[in-house]
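If you follow the hints, you should be able to join the two separate chains into one complex; please do so.
So the protein lines, in turn, are chains A and B.
Count the first sequence with our numbering and you get residues 318 to 602, in order.
Count the second sequence with our numbering and you get residues 24 to 245, in order.
One or more hints might be untrue.
Listed next, the in silico EDC-like pairs over lysine to aspartate or glutamate satisfying Cα-Cα at most 16 Å (straight line) [to be verified]:
(1) A/K412 <-> A/E427
(2) B/K116 <-> A/D509
(3) B/K75 <-> A/E599
(4) B/K75 <-> B/D35
(5) A/K412 <-> A/E433
(6) B/K145 <-> B/E197
(7) B/K116 <-> A/E324
(8) B/K111 <-> A/D509
(9) B/K116 <-> A/E510
(10) A/K412 <-> A/E423
(11) B/K68 <-> B/E185
(12) B/K111 <-> A/E510
(13) A/K412 <-> A/D424
(14) A/K416 <-> A/E427
(15) B/K145 <-> B/E120
(16) B/K46 <-> B/D240
(17) A/K412 <-> A/E439
(18) B/K68 <-> B/D89
Distance windows between CB atoms, simulated [unchecked claim]:
(19) B/D89 <-> A/G334: 41 to 47 Å
(20) B/K102 <-> A/A508: 22 to 28 Å
(21) B/R37 <-> A/G334: 44 to 50 Å
(22) A/A338 <-> B/A49: 49 to 55 Å
(23) A/T512 <-> B/K46: 27 to 33 Å
(24) B/G130 <-> A/P363: 54 to 60 Å
(25) A/A593 <-> B/K46: 34 to 40 Å
(26) B/R37 <-> A/V541: 55 to 61 Å
No lab work stands behind these hints: they were computed from the structure.
Here the structure is a predicted model, which means the values were calculated and not measured.
All C-beta atoms, glycine included, are put in the ideal place defined by N, C-alpha and C.
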Amino acid sequence: MTAHALEEALALLRRRGAISAVLALSLVVPMSLAGFTISLGLWARPLVALERQTTVVRVLLHPRMDTVQRQDWLAEQVRLHPGWRLTEVRQEALKERLKLWFPYLEDLLEGENPVELPTLVEVEAEDHEEVSALTKGPAVIAVGPTSSVDQILGLIARRLGWLLGGISIVLLASASLLAATWIHLEVYRHADEITIMRLVGATEGAIRSPFLIAALIPGICAGVGASVGAWYLVHSVGSLVESMGLTPPAYPTWLPAAEIAVGMILPVAAAIVTMARHAKLEEAE
Amino acid sequence: MIRLRNLTKTYDGRRILRGIDLKVEAGEFLFLTGASGAGKSTLLKLLYAAEKPSEGVVWVAGQRVDQMSRNQLAMLRRKIGVIFQDFKLLRHKTVLENVTFVLRFHGLGSREAHRRAYQVLKRLGLHHRQSALPEVLSGGEQQRVAIARALAYQPRLILADEPTGNLDADLAGELLSLLCDINYQGATIIVATHDHALLEAMPARTLVLNQGRIEYDGSWPP
Numbered sequence: 318m319t320a321h322a323l324e325e326a327l328a329l330l331r332r333r334g335a336i337s338a339v340l341a342l343s344l345v346v347p348m349s350l351a352g353f354t355i356s357l358g359l360w361a362r363p364l365v366a367l368e369r370q371t372t373v374v375r376v377l378l379h380p381r382m383d384t385v386q387r388q389d390w391l392a393e394q395v396r397l398h399p400g401w402r403l404t405e406v407r408q409e410a411l412k413e414r415l416k417l418w419f420p421y422l423e424d425l426l427e428g429e430n431p432v433e434l435p436t437l438v439e440v441e442a443e444d445h446e447e448v449s450a451l452t453k454g455p456a457v458i459a460v461g462p463t464s465s466v467d468q469i470l471g472l473i474a475r476r477l478g479w480l481l482g483g484i485s486i487v488l489l490a491s492a493s494l495l496a497a498t499w500i501h502l503e504v505y506r507h508a509d510e511i512t513i514m515r516l517v518g519a520t521e522g523a524i525r526s527p528f529l530i531a532a533l534i535p536g537i538c539a540g541v542g543a544s545v546g547a548w549y550l551v552h553s554v555g556s557l558v559e560s561m562g563l564t565p566p567a568y569p570t571w572l573p574a575a576e577i578a579v580g581m582i583l584p585v586a587a588a589i590v591t592m593a594r595h596a597k598l599e600e601a602e
Numbered sequence: 024m025i026r027l028r029n030l031t032k033t034y035d036g037r038r039i040l041r042g043i044d045l046k047v048e049a050g051e052f053l054f055l056t057g058a059s060g061a062g063k064s065t066l067l068k069l070l071y072a073a074e075k076p077s078e079g080v081v082w083v084a085g086q087r088v089d090q091m092s093r094n095q096l097a098m099l100r101r102k103i104g105v106i107f108q109d110f111k112l113l114r115h116k117t118v119l120e121n122v123t124f125v126l127r128f129h130g131l132g133s134r135e136a137h138r139r140a141y142q143v144l145k146r147l148g149l150h151h152r153q154s155a156l157p158e159v160l161s162g163g164e165q166q167r168v169a170i171a172r173a174l175a176y177q178p179r180l181i182l183a184d185e186p187t188g189n190l191d192a193d194l195a196g197e198l199l200s201l202l203c204d205i206n207y208q209g210a211t212i213i214v215a216t217h218d219h220a221l222l223e224a225m226p227a228r229t230l231v232l233n234q235g236r237i238e239y240d241g242s243w244p245p
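Chain B with its partners taken away, still in its complex shape (with noise of 0.2 Å):
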């Protein structure tokens, strides 16, 4: 599913990742970790092309990501579903209309996706806040509600950024189900997180970070 060799990206001469090579299986579940800086949040921005490499070469689902046109790339971010850290939802529309307008342009006509969206929404315990606009939800209901906007159209590739960074235990726990469940269907999820808690809830492949090196690559704990 994602093939990195050689990965390096350099901002203002710093260097934030360093020759990172790795494989990612199709169905796998991975845990990006590692302190503050070590390039989590920016490993993901390259696999989803907010980002372009430096130096090396990055491929998800089989494409070179930093070859693509425009179009090329917005075709493959359809088959990824991205939990932002800062949420990235459209303040002038709904908690129903954050998450239908990604099924619009997914194709779906306007009924079945205010279906799927409220079916998700419910999912995330957030059904009744539909008409809500974002400014006046919590953290932790803008988190969810960016987390709803990701799974609604099903993707192939779950990328999220410090998913449960805003929720409490309770609901990080659920997050994480929700995940495993997912994953447990097929879909690559790959969940960049300083959470130790996290990490120790759920055993799976682990990658630390150090200063923008993979440090370890295995099981958790190391």
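If we strip away everything but chain A, and leave its shape as in the complex, we get (with noise of 0.2 Å):
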């Protein structure tokens, strides 16, 4: 029986070779460039990750506040916020640090005439956002910048992953597509000789192998095309990168047998779902 719907199969490609081709080539397309953004996806990966680091925001307390009230107010931020830890930045780093992450002090700073400088309190979490939040209390005056180059190089590496995700998805879709169309169309093509078949006696597997072997060789082709596509374009762009003095997107080693296993289900998934409603409709007439 399997030999038989393998010569069925063959017989129907030879028949539809051109057509069977084309689709090959049409999704080596979108696989391939599917397989190439996951590439770049995996590569993005690790900056994501400094988007999730902790940050360090500086907080200017208000210069009236003596020490015992300056120390009520720490340890009162520990109580609330356990995950903070919090530093008072020593005498003589303050003025350098207050021009660094202050500068609009600079000419308070610079003056004739000496003032109280403000206490300085460095503050690590995870969540800025609450730090900055420490402006609507009367001990803080002002909060230093919130987010760091890192975090916005790991803000951008998310939002890449999402689109290549995204892009990804997109072109695996059309494939899918692309592959039920084909097979909707041979199958239809065909409707005749399936009606014929199922009156002298073929069973509904008999009558889909061929169909189904048919549809996973260009599948398997598109995969291997795929593999080649994506691995062509990972090392085009990784020379490029490269040249820049950064860590070029490697090509993941698992890849190839993804994308033959996504060239086999994808043809094969789509003709199960177009030959099982045919079935339906030819019942239903």
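See below:
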């Protein structure tokens, strides 16, 4: 039975050789791009972690606060936010840090008349928004910059990941649609033959298996082609990235197997759905 | 082999068959005759389950046909050889392939299927056209391919819908002789025909249908 199904599938492919080749090629393009975007996504993934790093936010306390009030305030923050690490900047480093994080205070710091410098507290926290909220209280007069270059890079990488993931899904969906359309046309082109086969005693398996194998073969070819295509794209972009002094994206070793699996699953799944629909329609008639 | 009880078939409100009751024993030879539109082909279609009855019940080989799943139907159809009025040949396959492909899903290997298909084609005088596609064959040749396909797997029941419609008198006689041989070996045969010469050539039980009803059931001539 399997040998017969294979013979019938090959006959089907021979009769529609050009169309089968076009299907395989049409699957290669979106699948190669999907493989390439997955490689890029994996390359960008370590950067995403940067976004979740803890941030150090500088908090400027009111200069009129005395030592006791300052200690009370620090103790209260520790109690309210157990995840925070608060460090009071020492006097010798204070001027320099203030200049760095609060540059608008420079005139005041460099003025001829010495002024009482405010206390600067560095707060290490995961959520900088919570630290920024301290300005609502009377003890804090200002909060320094709340994000770092690393975090911005992480945010960009995360958004890039979502974008690439979305593109991959759209590309694979378009590949499935293409395969489904091909199978749909093939099944309806052979509708008379399928009816005759049913009438002379062919089981559903005997009828469907040649179509499934005929869909599987271009799918495997497309999977191999897509692996090569994705490797070429990753390699080309990698060379470009490397010339810029960055680590190039790597071609994952599991990607060829995944591409071939997807190349097999997409058209076969499309064929199964189409043939089941055709059988139902015929039954209804 | 076949039992029909109160069988009725309606198309778009028009009754093609009306309350048919019939019993055909295994090994019987039966002619179905009647004017065009009498319901002969519809009755055959109900027997091989290409149609479902509107009312009534059909039993073939001890199985109730209208309650079968697709695969059960396939198994039943493997016991039935149908000679279709419109031949129903696969147009992309050669004469030999049209016969072998049925044998292949009956479980025969490629070599055995080819051997048996060639034998049947030879018996029907078509072996020299084994590589031809159906579209280049004459109506009579296409009909003989359809007959070869129905006989190749030696079914227990043969349903023939106007099998001599495209054959000349000599070939029709040869086909009838072939069907007689197969019947003699134990197969049940039902032939739908409006060819009175065929009925006269072979003494057998004859069922005359008229406007969807059995008008006569007995030997020919009535």
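For each hint, the structure was consulted:
no.	hint	result
1	A/K412 <-> A/E427	holds, 10 Å
2	B/K116 <-> A/D509	holds, 13 Å
3	B/K75 <-> A/E599	holds, 13 Å
4	B/K75 <-> B/D35	holds, 14 Å
5	A/K412 <-> A/E433	holds, 11 Å
6	B/K145 <-> B/E197	holds, 13 Å
7	B/K116 <-> A/E324	holds, 12 Å
8	B/K111 <-> A/D509	holds, 9 Å
9	B/K116 <-> A/E510	holds, 10 Å
10	A/K412 <-> A/E423	holds, 9 Å
11	B/K68 <-> B/E185	holds, 13 Å
12	B/K111 <-> A/E510	holds, 8 Å
13	A/K412 <-> A/D424	holds, 12 Å
14	A/K416 <-> A/E427	holds, 10 Å
15	B/K145 <-> B/E120	holds, 14 Å
16	B/K46 <-> B/D240	holds, 11 Å
17	A/K412 <-> A/E439	holds, 14 Å
18	B/K68 <-> B/D89	holds, 12 Å
19	B/D89 <-> A/G334: 41 to 47 Å	holds, 43 Å
20	B/K102 <-> A/A508: 22 to 28 Å	holds, 25 Å
21	B/R37 <-> A/G334: 44 to 50 Å	holds, 47 Å
22	A/A338 <-> B/A49: 49 to 55 Å	holds, 53 Å
23	A/T512 <-> B/K46: 27 to 33 Å	holds, 30 Å
24	B/G130 <-> A/P363: 54 to 60 Å	holds, 58 Å
25	A/A593 <-> B/K46: 34 to 40 Å	holds, 38 Å
26	B/R37 <-> A/V541: 55 to 61 Å	holds, 57 Å
Against the hints set out earlier in the document, no violation occurs for any number.
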